[in-house]
Amino acid sequence: MPFIPHTDDDIAAMLQTIGAPSIEALFDEIPAALRSGERDEIPPALSEQAITRLMRLRAQGDEQPSCFIGAGAYDHYIPAAVWQIATRGEYYSAYTPYQAEASQGTLQVLYEFQSMMTALTALDASNTSLYDGATALAEALLMAVRANRRCKSKRVLIPRALHPFYRRTVRTIVEPQGLELIEVDFDAASGQTPVERCAALAGDQGLAAVVINQPNFFGVLEAVDALTDWAHEQGALAVAVVNPLALALLTPPGEWGAAGADIACGEAQPFGMPLSSGGPYAGFLCSKQALVRQMPGRIVGRTLDADGKPGFTLTLQAREQHIRRSKATSNICTNQGLMVTAATIHLALLGTEGLEQVARTCHANTARLCDQLCALPGVERAFSGAVFHEQALRLPQAPNTVLERLASEADLLGGCALGEHYPELDDMLLVCATEQRTEEEMQRYATALATILNAA
Amino acid sequence: MPFIPHTDDDIAAMLQTIGAPSIEALFDEIPAALRSGERDEIPPALSEQAITRLMRLRAQGDEQPSCFIGAGAYDHYIPAAVWQIATRGEYYSAYTPYQAEASQGTLQVLYEFQSMMTALTALDASNTSLYDGATALAEALLMAVRANRRCKSKRVLIPRALHPFYRRTVRTIVEPQGLELIEVDFDAASGQTPVERCAALAGDQGLAAVVINQPNFFGVLEAVDALTDWAHEQGALAVAVVNPLALALLTPPGEWGAAGADIACGEAQPFGMPLSSGGPYAGFLCSKQALVRQMPGRIVGRTLDADGKPGFTLTLQAREQHIRRSKATSNICTNQGLMVTAATIHLALLGTEGLEQVARTCHANTARLCDQLCALPGVERAFSGAVFHEQALRLPQAPNTVLERLASEADLLGGCALGEHYPELDDMLLVCATEQRTEEEMQRYATALATILNAA
Amino acid sequence: MLIHDQSRPGRRASALAPSQAPEPTGIPAQLRRRERPRLPEVSELQVVRHYTRLSQQNFSIDTHFYPLGSCTMKYNPRVCNSLAALPGFAERHPLAPVEYGQGVMACLHDLQEILKAVTGMSAVSLAPAAGAQGELTGVAMIRAYHLARGDHARTEMLIPDAAHGTNPASAVMCGYQAREIPTGPDGDVDVEALRAAVGPQTAGIMLTNPSTVGVFDRNIEEIAGIVHDAGGLLYYDGANLNAILGKVRPGDMGFDVIHMNLHKTFSTPHGGGGPGAGPVGVSARVAPYLPVPMVEREGEGYRWLTEADRPETIGRMTTFGGNMGILLRAYVYARMLGREGMARAADFATLNANYLMARLQQAGFELAYPQRRASHEFIITLKHEAKEYGVTAMDFAKRLLDHGFHAPTTYFPLLVPECLLIEPTETETKESLDGFVEAMIAIRREAQEDPQRVKDAPHTMPRRRLDEVRAARHLDLAWTPQQADEDGDGQ
Amino acid sequence: MLIHDQSRPGRRASALAPSQAPEPTGIPAQLRRRERPRLPEVSELQVVRHYTRLSQQNFSIDTHFYPLGSCTMKYNPRVCNSLAALPGFAERHPLAPVEYGQGVMACLHDLQEILKAVTGMSAVSLAPAAGAQGELTGVAMIRAYHLARGDHARTEMLIPDAAHGTNPASAVMCGYQAREIPTGPDGDVDVEALRAAVGPQTAGIMLTNPSTVGVFDRNIEEIAGIVHDAGGLLYYDGANLNAILGKVRPGDMGFDVIHMNLHKTFSTPHGGGGPGAGPVGVSARVAPYLPVPMVEREGEGYRWLTEADRPETIGRMTTFGGNMGILLRAYVYARMLGREGMARAADFATLNANYLMARLQQAGFELAYPQRRASHEFIITLKHEAKEYGVTAMDFAKRLLDHGFHAPTTYFPLLVPECLLIEPTETETKESLDGFVEAMIAIRREAQEDPQRVKDAPHTMPRRRLDEVRAARHLDLAWTPQQADEDGDGQ
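Chains as they are written, first to last, in the UniProt record's numbering: chain A, 1 to 456; chain B, 1 to 456; chain C, 1 to 491; chain D, 1 to 491.
Bound conformation, chain A alone (with noise of 0.2 Å):
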């Protein structure tokens, strides 16, 4: 019995002191019709060498090529020490810290957590984590509207060059609480999201909250100063979605335009979060103080303990489910909290210098890569604007069979075709290299590259 301790004469003894007389009596209030036996269809139990043998089959396979793919997730360096220490079994066996004095190491870590986060923001307050960048974007709407009391609406401006399935997801959150998303689109020529666009959008009713992507899907650099102050001029308020890497360098959301930003969130995978497929990434949510009792999710505070001592707790839980049930800010309740950890532990590390480091590294060996790609004959930047460390490119062929190619032949993962998601960009690939890319790799993708469309 795999991670049972129970030994027969436990098993008795125990039954004798709950006056059963088995394990099975115990389940004597299921109705019987009701009961159900082994199920063939799950496999029989393996022992935990012979699931290391399978695991590690599978995982062989998936093994990958270089990887020029961001679009949303990011291959960075994690330090060894981050996860050595995130999954010590203090941390990762530990749960939501509703016992504060029992629970000051993982209380600590979320408070350091949130002082990194207000840091780079350039905001006053941050949680402790949403799902990922999707759902804190979600969430943040659904806190703008319900923050915004000028407003009688609840019309959201989202630009269409936010990431596709950030928008999707938002859709399927906050739609079902009457949000109205409207897409405001990009400029074909410099792939922002112009003043003029979302001014044509605005609508009589008014707007509960204007989203900024920064940088946006393509990697563009958006005008952010006068998208923050049209968005407070029309009594909207601000809501940033930001690459937390680049605000190594970026302005911080809370100071664009006049006013700042009223709410940022984003993505914090770039912060020691692997790939994985997708997850467990941790999304962030910063705001000014005076939404602070808007915001979802969990927070915590610092006081003092019966010594006089600083200490950590849980604070604000009036916001929240398990208090307020119906009328709580968000649902959630479990969040990502052991990511956080190990975004906390990558960032102390990293320390500033080391963080504009990265963001730096990325921007130059993105910016290198499509120089020599762009030398090629029928390549060129398919946008005008400034980017950071993103990049989307035109081709002469079609994308999807450059990518296959460039795997076949080259072994590389050379970017994210955008004709899936924009129609009209079906010409199109978005590409980036991670402080992760070699020089041999990116040369190795300029001369795949360059033999792929002269075969052509």
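Rather than coming from a laboratory, the hints here were simulated on the basis of the structure. Certain hints may be false.
Lysine-lysine pairs mimicking BS3-like chemistry, simulated, CA-CA at most 25 Å apart [claimed, not checked]:
1. D:Lys-455 x B:Lys-309
2. B:Lys-288 x B:Lys-152
3. C:Lys-455 x C:Lys-387
4. A:Lys-309 x C:Lys-455
Where chain B lies over chain C, by a calculated footprint (3+ residues, C-beta under 8 Å) [as the list claims (entries may be wrong)]:
5. 313-322
6. 442-453
The structure presented is a predicted model; accordingly, all values stated were derived computationally and were not measured. All C-beta atoms, glycine included, are put in the ideal place defined by N, C-alpha and C.
Starting from the known structure of chain A, fit chains B, C and D onto it as the hints suggest.
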């Protein structure tokens, strides 16, 4: 500066406190003529990311086919919990527990290890490890010679059927101290070491110790009761060299013959230590109570603290080099603490029954494989003696050629050719199928060998 | 002391970042950050030491008995972590072609099948990121089901008063009104009240069975009939699935939609508050609305099912479709239990709960439902102790920490005064349970003799009792350089 | 409580062993064990919890400042561990063909080259398993050198009185008599005494430089001349190599043989007492005697050098030729330091030692060699405090634990009374050192005001001071079933 925390301000403040103009000045007592600069032969520094890339590449090249080699190091399954816990910083980065009160974790683990080894060997005392099996035997012989006051000579009988590398290592270590190693040959038919051959070599000056190896290098089981009794009749100490996994099934050294072996030692690698090209492993050494003050290495004892609570501390340190210096029982100081931590966790996870099951499965796998192989024409068991979990086979073709073809054609390492170490056994192969080998792998071996032998 | 308080300008763990980092080009100056973010500047050893020491301030399953009711704090096998972290799994980009993902997809597909079989549902999607998101997903599917039938009148979701707070919160997030159904004195749902509450406005009912009061609702077949007859659907909150795994299947009880908390029943790590995974299962009629992606077997291989394959899907729940690394851990665990191990989890979780309940009752503690079997958890009420000695459930909880036990869930469910909801799980020994009983008895004795000692607990933790009111009144949610000057002497 | 005390017959972590285990065949009954070994019978969670909690009872580099003199307790980079554990390295059988070992052999070869370059020796063998075995190896090579020249008269090894105990012990293991050479009042070897001691019986001298008293012997060139002129060889004990790494090379000082402690200078883990690795380096004339195996580059690949290639070798030191997993860790560390980082280790180890020495002196503690620079470590003597307050170096050491600092090495070297040998290492911050000084001052103040409090220390550890005399007198070296009945209530 990786790993160096000093800021420029720190350096300036520290130098001022010291009253030195520069760090360089702190080295002013070293004669200038001797000073050296940077060495071009040493490559420049790599980041963690870069060394990770290099080492992963190198490790990938070393990934091994299915391994049927035993010969002193065994591919056993290691539960995931073993190293996840053993590499916790508190074990990994502590040192020898000189300050007992701040080292109860390591000390208790070592005491538990001692308890497990005495249970397995049926002896009274155990040390906390020596470097590996071969050095443990060398130390055991030095110990036996010191302890055997009845015998004036330093003559030791050692079976030729003992691992060749053990014999060579022992020679390197003990001969400078004047020990005389007398090798006794095995019986060509049974593979056993007959008492009669021992008797023929006993000589006039007596023997200080007789080494008894169970199973021996060929996997063959020796008549340990007769050998032990004979050794004691000679006035020699009986020194057992055992595969500790075998002790799950075989008579423990403490119960050999009428009086039991006096010392038992061997290689603890089968208890949770990865193969790692040969180390780090851990040698163990157990003895009867009467000999404990001649034991080399660290020993942990249970005692009481000032409040009367039981606790653990290094004990019998008067045997050791840091107290006794030139009169110590050994020069050993650092031993294999971390490997012993892993072994202790490993044994606790397996328990009595788990260890028996591993031993049984290895034994059955090897038997089944050899049945299949011996069904091929010209392949036969080399020795008539009973074996444990390892078997020498006679082949109709040169073993080295067969091994090369098994590797290239069937992706498996077929065993250890005996000719290199025993010229007269140049048609023999030593094979071992641990519990890690699957039916499929064993079938693959048999099929490939059939092909190779037919094609000859 | 915060990691921030150890920061010194210019200090670094410099092996950990690329060494050559050119000044970024092409980024307009007005988009560049003016002031550098104030992250901690510390050495690698400082980081390792800080977070290693901090970890030691946590209780956890790996260090303590942690009988937190409704949370199923059972042993998290270490191997699940190392296998999910294999490079082939951990380093795979979510948008990598499926040719480079057949391994993970095989695991996900097999997990879907196992979950279907053990819950008795027709189809499963692994997409939801946690239990609460599974609830949201499930209610959204109920909504989609009614809307697809043109049934726009169903505005109410029925929810027992003892339900987890996530239930009403999730219902509201889907635009429903939550209507409370009372619990009867025996712990079962008040069937007559239910009968009175259903109607054409009923979208469905959200039930946990065994319920949050720790008993199996014996009238489940009748309840299913009432709700189904009214045109509503039955939602199964899988928080307590561990109690009945392999014994009785939600599908067989009549549920149309369920979610499962894999970090409870399937032992993925709780991680200090996640990540979880909240797969949903459905009966055939709700299957079209399952969230994407799902994995389908096609010939010898596997492919993703997306919006294109499943046009009626409620959509995506997260950016990339789920907490794959958690799903892999659950898969490993499920395979290690195997078909014969599923029921064993429920057997021994139930044995442990009933034993602990019996021992506490024999020791004189009052049970909330003494006439009932415990499921995998049960409730005691300390209202007598509160009244007699002025020592509350919270005081007992804090004093338990001093005895080396994590506290049970306190003050939930809300309907039992001064309650402790106790869930020992199947992986704890009889000795652990006996030790817990001894501690409870010792605390009660202390409550009689020296109540202040209990009320001042804990005494042996890294901190004495923390002032939660102060935390909420004087919000301090982040380190700032200014704070550092004021109270930098932290821990 | 011991893991044995948690054992219950029949309890098991049953996922961890093969499920089908037939009764063994072919083993004669008289060779079969009659009684099963009494190993702990416990569940997986019990094991995980027991050893996780036990670990928390340790001080370690990862949790505490650990200034243990002569042990170089610097940060062990976590990446060294994960890279050595890569399956390609960890799962390779030692007898696997070299075609399946070019990766590890490339690392070993490169490490040999780095160690040669940084020590100034002609050749290096990585075979010895630890520092003490490196010493044994080195002395055995000196013996082999003399014997090969037919020089059988050399029976004495000269060893300073301050030397590590391993030096005389190793010399004796090679059949030499250890002859002590006194240390002068300034900490350097007494050159005149040395001159008087050398002769045709001198096999060599074993020196640590910087010495165990924490100073660099300024007369090293003269010493080398004296010993070499007498026909002896110079042995360098590499325990203190961290102090001079990249600053001055043993080869350039005139040493013929050296060993290196990779778990000190090259930061492989101390592991609660090993494993270490003790490579040896030699000058050209001693090179033939190096132990096997060694790695040689041949064309594009690497091969092992064995007895066949090196007929004059002293032989093998361990079964399979060395602690490869430790050598890999050292290699990773060496590559991360790089050529520019080697001297930096010595620079900052020396800066930290001299700073801490200066601060303690300024705080009124007495230095053993106040007129000297510290190397990477230094000695203070508490003889004044012992005499005035009756509080010994041991009492200070134990009280330091209560302040959160591991104690320095106590009572070594033997020639300084009531001494603490303090080695902070380069990876500690100035704040750590300042904290240590504050603790020392606080303890001295306490020694004046309440000496019994210091003599009774520690007060905050898992155990009060342990009775070592009792441990040696009433030997209790292993759990037995009988003991369990007597005092099973362990911790």
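So, going through the hints one by one against the coordinates:
The hinted pair formed by Lys-455 of chain D and Lys-309 of chain B meets the criterion: a straight-line CA distance of about 18 Å does not exceed 25 Å. The straight-line distance between the Cα atoms of Lys-288 of chain B and Lys-152 of chain B is roughly 21 Å, inside the 25 Å bound, and the hint therefore holds. At roughly 14 Å between alpha-carbon atoms, Lys-455 of chain C and Lys-387 of chain C fall within 25 Å of each other, so this suggested pair holds. A distance of roughly 18 Å separates the Cα atoms of Lys-309 of chain A and Lys-455 of chain C; the hinted pair therefore holds under the 25 Å criterion.
Taking a C-beta to C-beta cut-off of 8 Å, the region 313-322 of chain C contributes 0 residues in contact with chain B, too few for the three needed, and the coverage statement is violated. Figure legend: the region 442-453 of chain C, annotated as covered by chain B; annotation inconsistent (0 residues with Cβ-Cβ distances under 8 Å, at least 3 required).
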